[in-house]
Every structure is written in structure tokens, then in C-alpha cells.
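Listed here are the chains, written in short residue letters.
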Amino acid sequence: MSLLEVRNATKSFGSLVAVRDVSLSVRQGELRAIIGPNGAGKTTFFNLISGFFPPTSGTVTFDGKDVTALSVTKRVQLGMARTFQITEIFPELTVHENVRIGAEVAAGYRLRPWISRTEAEKVERTIEETLALIGLSAKANRLVGELAHGDQRAAEIAMALTLRPKLLLLDEPTAGMGDQETYEITQLIRRLHRDSNFTIVLIEHDMRVVFHLADHITVLDQGKLLAEGTPQEIGANEAVQAAYLGKAA
Amino acid sequence: MSGEQARKLTVLVAIWALLLLAPYWMPPLGGYTALGTRVLVLGLAAMSVNFLLGFTGVLSFGHAAWFGLGAYGCGLMLKFIALSTPLGLIAGTVLGGVMGGLLGALIVRRRGVYFAMVTIAFGQVFYYIAFQWSSLTGGDDGLRPFSRQPLHLGFATVDILSDATAFYYFVLFCFALAVAIMGFILRSPFGRTMLAIRENERRARFLGIPVERHIWIAFTLSCFFMAYAGSLYALVNNFADPRGLHYSQSGDFVIMAVMGGMRSFWGPLLGAAVFVVLQDYLSSVTINWMSFVGLLFVLVVLFFPRGLLGVIRRKSEA
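If you read the protein sequences in the order shown, they are chains A and B. In terms of the working numbering, the first sequence opens at residue 3 and continues consecutively. In terms of the working numbering, the second sequence opens at residue 4 and continues consecutively.
Take these hints with a grain of salt, some might be off.
[Said to hold, decoys possible] Among the chain B residues that face chain A by a calculated CB cut under 8 Å, a handful are:
#1 192
#2 211
#3 306
#4 309
[Stated by the list, open to error] With a Cα cut of at most 20 Å, we get these calculated SDA-like pairs of lysine to any residue:
#5 A/76 to B/138
#6 A/141 to A/76
#7 B/82 to B/138
#8 A/141 to A/196
#9 A/76 to B/214
#10 A/76 to A/184
#11 A/76 to B/82
#12 A/168 to A/141
#13 A/76 to B/215
#14 A/141 to B/6
The hints are simulated quantities; they were obtained by calculation from the structure and are not laboratory data. In this text, all values refer to a predicted model and were calculated from it rather than measured experimentally. Beta carbons are placed, not taken as given, at the ideal position from N, Cα and C, and that holds for glycine.
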């Protein structure tokens with residue numbers, strides 16, 4: 003059974019149709035990349051999945067539940083976590099504090115006026131594990147706002163991971179990164195997928211990253227589903243080449 | 004113990020030493036104990052505003068409503084129902100806090116300027132009610148006569164009415180209680196979700212925090228603290244009047260919070276101290292004392308955007 007099932011999703015803003023009749027099915031354990039030229043509707047599609055706004059028509063089913071009408075918060079509580087194209091973090095707090103908020107919310111402590119010592123230790127373990135996994139342990143006490151761009155992106159992923167999500171949505175994880183940072187974040191995503199078995203859907207512009215990581219690729223163009231398949235199939239697809247080359251020409 | 008913790012502890016000890024010894028060091032410096040009492044009460048109000056503004060990132064411009072309601076609740080209890088200082092405090096705190104919580108539920112979806120505007124409107128509604136309902140509130144003349152009552156502790160009776168020093172310590176005790184609860188909340192998982200909302204509402208939402216509900220809880224808590232400060236204010240003056248509900252009073256609290264430093268826990272208390280002392284000193288010299296407070300406020304905001312305490316902190320870190 004698929005973990006995420008989007009059926010015939012359409013989103014229009016006034017007369018502009020940003021996403022038109024797109025369907026997508028993501029298996030448990032899969033790493034899916036969504037690609038497409040600028041303005042293809044990738045981020046809008048992501049917003050439909052994560053509940054940032056509701057689709058004009060169509061349905062989103064997650065983990066066997068119809069979540070089309072559910073709020074962002076409810077979807078997160080069901081196990082969906084996401085990062086953004088423009089990093090969304092708590093800039094004036096330290097890396098440790100950023101991750102702690104996620105860990106405490108995930109543990110169900112968000113309304114608690116206090117937590118016991120054992121509960122605090124449990125939270126602390128989650129933080130340490132997550133920071134170790136992400137490779138930010140050494141920078142735990144730095145303010146996130148003062149970190150390098152790549153580390154900020156990593157911190158955002160760390161926050162998403164504290165929720166132990168069933169599905170991780172990454173919106174252009176390598177946006178604005180240099181080669182070295184891109185390489186590191188690619189390795190990180192690979193580890194999350196291969197070693198920690200996260201199901202991941204990501205939007206990405208860097209084709210090296212996409213072809214290196216993805217099991218399956220979905221191509222959007224002008225709001226519509228253009229093609230879907232393995233990296234080999236997509237690489238050989240003439241419609242896809244035309245969409246990209248047509249853009250360049 | 005890290006340097007950061009040691010520094011925090013030093014500051015804390017210094018603040019409490021200053022507050023505990025105020026009746027002894029203030030008179031030689033030209034102050035008087037009742038001035039210290041006013042600083043505590045208005046400081047608590049500014050800290051309550053800042054609980055929302057500095058730690059949740061939500062600006063209420065009508066918080067005087069809950070302050071004034073607290074004052075009226077306390078005064079009405081003492082005037083009409085029971086001659087008991089603690090009951091007055093409880094009545095004021097509950098009246099202002101509950102009203103704040105109820106009305107807050109209607110507006111937590113608004114943000115920024117819109118939120119501030121609606122809170123001003125609420126404040127003005129209560130201002131005009133108090134102004135018009137003369138039979139109950141005394142209208143423009145204010146609610147009187149009532150007075151704070153001696154405290155019966157079982158083993159002793161403390162005369163807080165005529166003994167200014169005893170009253171100062173009573174207010175300090177009430178202040179400490181509220182501030183301890185405030186600090187406790189801010190260090191809790193819930194308090195950290197407030198910071199999360201302040202720092203980045205979108206990220207908070209995508210971590211699974213129901214942002215509106217958390218803002219509402221923070222708003223309601225802040226209203227209770229505010230009403231509690233207002234009740235104390237009624238005890239300070241033995242009087243409650245509509246101006247305590249007016250939006251200009253709300254503005255004064257915001258000025259104290261911002262001037263003192265809204266990212267720091269104690270900043271608003273410092274802001275209130277500067278405000279109250281300036282008011283006390285300048286108003287005996289000129290009726291335009293507010294111009295000078297305003298000027299200072301503008302200078303602080305321009306040159307020390309983190310407030311007076313923010314400056315001191317940066318100096319001590321350097």
C-alpha cells in the first residue's frame with residue numbers, strides 16, 4: 003500500500019491554475035524526486051500535500067487516511083514533516099533549542115508547564131541522536147541564525163526529524179548551496195533514506211542530486227504531470243528533454 | 004557552572020537584593036518607599052505585556068483593559084462585598100483574566116497590526132463602560148471610597164494601610180509570586196513553544212504546534228498577570244479610575260517594556276522604574292513631562308533597539 007496518495011489534485015489561484023489534475027503515489031520507504039522547470043507548480047503541489055492550503059479539487063490520502071481537509075498541525079501529528087525552499091528556523095535560538103522544541107512537541111509535552119527528570123532525559127537523548135545523525139553535534143550551542151547556510155538547512159532537517167515523521171518532504175534541500183555543501187546534504191539525505199529508512203519526497207533543481215538519490219522521479223511542467231518513472235526512464239524521455247531544452251532555447 | 008549561568012545568577016541576586024533593600028536605599032537617594040511600590044506594580048504590568056510581546060511575539064495594545072478590570076474587580080470587592088485584601092486581589096485577577104481569556108479567543112487568528120487594533124478596541128469598550136456606568140464604577144470620578152485592609156496572618160496582623168514599608172513588602176511578596184510563576188512557565192516546554200511562535204510561526208506550525216491555541220493560552224495567562232497587577236494597583240491607590248483602562252495606559256506599558264528591553268525577562272521592570280521615576284521627578288518640574296519620556300523612548304529605540312537592559316547586557320559580555 004502506498005504511504006502517500008494524491009488523486010487528481012488541482013489548485014487554482016483566481017484564473018491561474020498552478021497545479022492541474024496531478025496524481026502521485028509514493029510507497030513506504032521510497033525516495034521520490036519532483037522536478038520541473040521554474041513555475042511548474044512544484045512548490046504549490048508540495049503545499050497541497052503538506053496542507054499549507056487546500057486543493058481546489060482532488061484528494062490527498064496519507065497513511066490510509068483522507069487528510070484533504072486536515073490542517074497543517076493535524077497532518078504533522080499524523081507523521082508528515084517538511085522543510086522549505088527558504089529555510090524556516092528559529093534564528094535567535096541555539097541549534098539545541100531549535101531541535102528541543104521539535105523533540106518536546108513530538109513527545110507530546112507541548113502544553114506541559116513542567117517535565118520530570120526522566121522525561122527531560124528522554125528529550126535530551128532524542129536531541130543528541132538527531133544532532134549526531136545530522137552532524138551538528140559540535141555546533142549545538144551556536145545560534146542557528148549565525149550558522150552557515152548549509153548548516154541552517156541541516157538544522158531545519160534536524161527539526162523535522164525530531165518528529166520521527168513517516169514522510170519527510172524536502173523543498174529544494176540544496177537551494178543556494180555551493181558544491182561542497184550540496185555534496186554533504188546529498189550524502190545526508192542518502193543516509194536518511196538508506197540507513198534510517200525514511201520515506202522522502204523532495205523537490206530539486208540540481209539534476210546530479212536527483213539522479214544520484216531518487217528511486218522514482220515525477221516531472222511537472224506548467225502545472226501538469228509530464229512524466230513519471232525511474233531515473234533511467236526519465237533521462238531517456240523525450241517530452242522531458244523538450245520541456246527542459248525548450249526552456250533553455 | 005558555565006559563565007552564562009554564573010552571570011545570570013549574579014544578575015538575579017543583584018535584582019532581588021536591590022528590591023529587598025529598596026526601603027533602605029531609596030530614601031537617601033531622594034526617593035520614597037511608595038515610589039518603589041509603584042515601580043513594582045507597573046513593572047509587573049509591563050512584564051505581563053512583555054510575556055506576550057517579547058516571548059510570544061504578539062503585540063497587544065489594549066492590555067490596560069485587563070489591568071483596569073483588575074483594579075475595578077479589586078475595588079468593587081473591597082467596597083461592596085468583603086473587607087479583605089486577599090479577596091480583592093482574587094476578585095480583580097479573576098475578573099480581568101477571565102474577560103481577557105474570553106475576548107482573546109475571538110481574536111487569536113488576527114496578526115500584527117490587526118491584532119493590536121482589535122485589542123485597542125476592546126480596551127476602549129471597557130473604558131467607556133467604566134466611564135458611563137456611574138452608579139457602579141463612580142464614572143469619571145473613579146471608584147471610591149475603599150481601602151486596602153490589614154492582613155490577618157493568624158499569628159499576627161500586618162498593617163499595610165498606614166505602614167508604607169509593610170505595604171512595600173506585601174507588594175514585593177505578591178510581585179515575587181507572579182514573577183516566579185512567569186519565569187517557571189517561560190522555562191517549560193509550553194514556554195518554549197511560545198518562543199517558537201515568536202521566532203517563526205510557520206516553522207512552529209510545521210512542527211505540529213497548534214499556533215492559535217498556544218497564542219490564546221499565552222494571551223490568557225498574560226491577561227491574568229495583568230489583572231493581578233491591576234488589582235495591586237487599586238490597593239496602591241485605594242482608588243480605581245477609567246484612565247487605568249484607557250489605551251494611552253496600554254501605550255505606557257508597551258513603552259516600559261520596549262524601553263527596558265523586550266527580549267529580556269527583567270527589562271520591562273527596568274523600563275517601568277525609569278518611567279515612574281522620570282514621571283515622579285519631571286512632573287514636579289513641568290506638566291510636559293511626557294515629552295521627555297517620549298524623547299528618551301525615541302532615543303532608546305533608535306540607538307539601543309534591544310532596550311536599556313540589552314545595552315547593559317552587551318556591555319557586560321564585552
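Hints that the structure is at odds with (numbers, increasing)
3, 4, 5, 6, 8, 10, 11, 12
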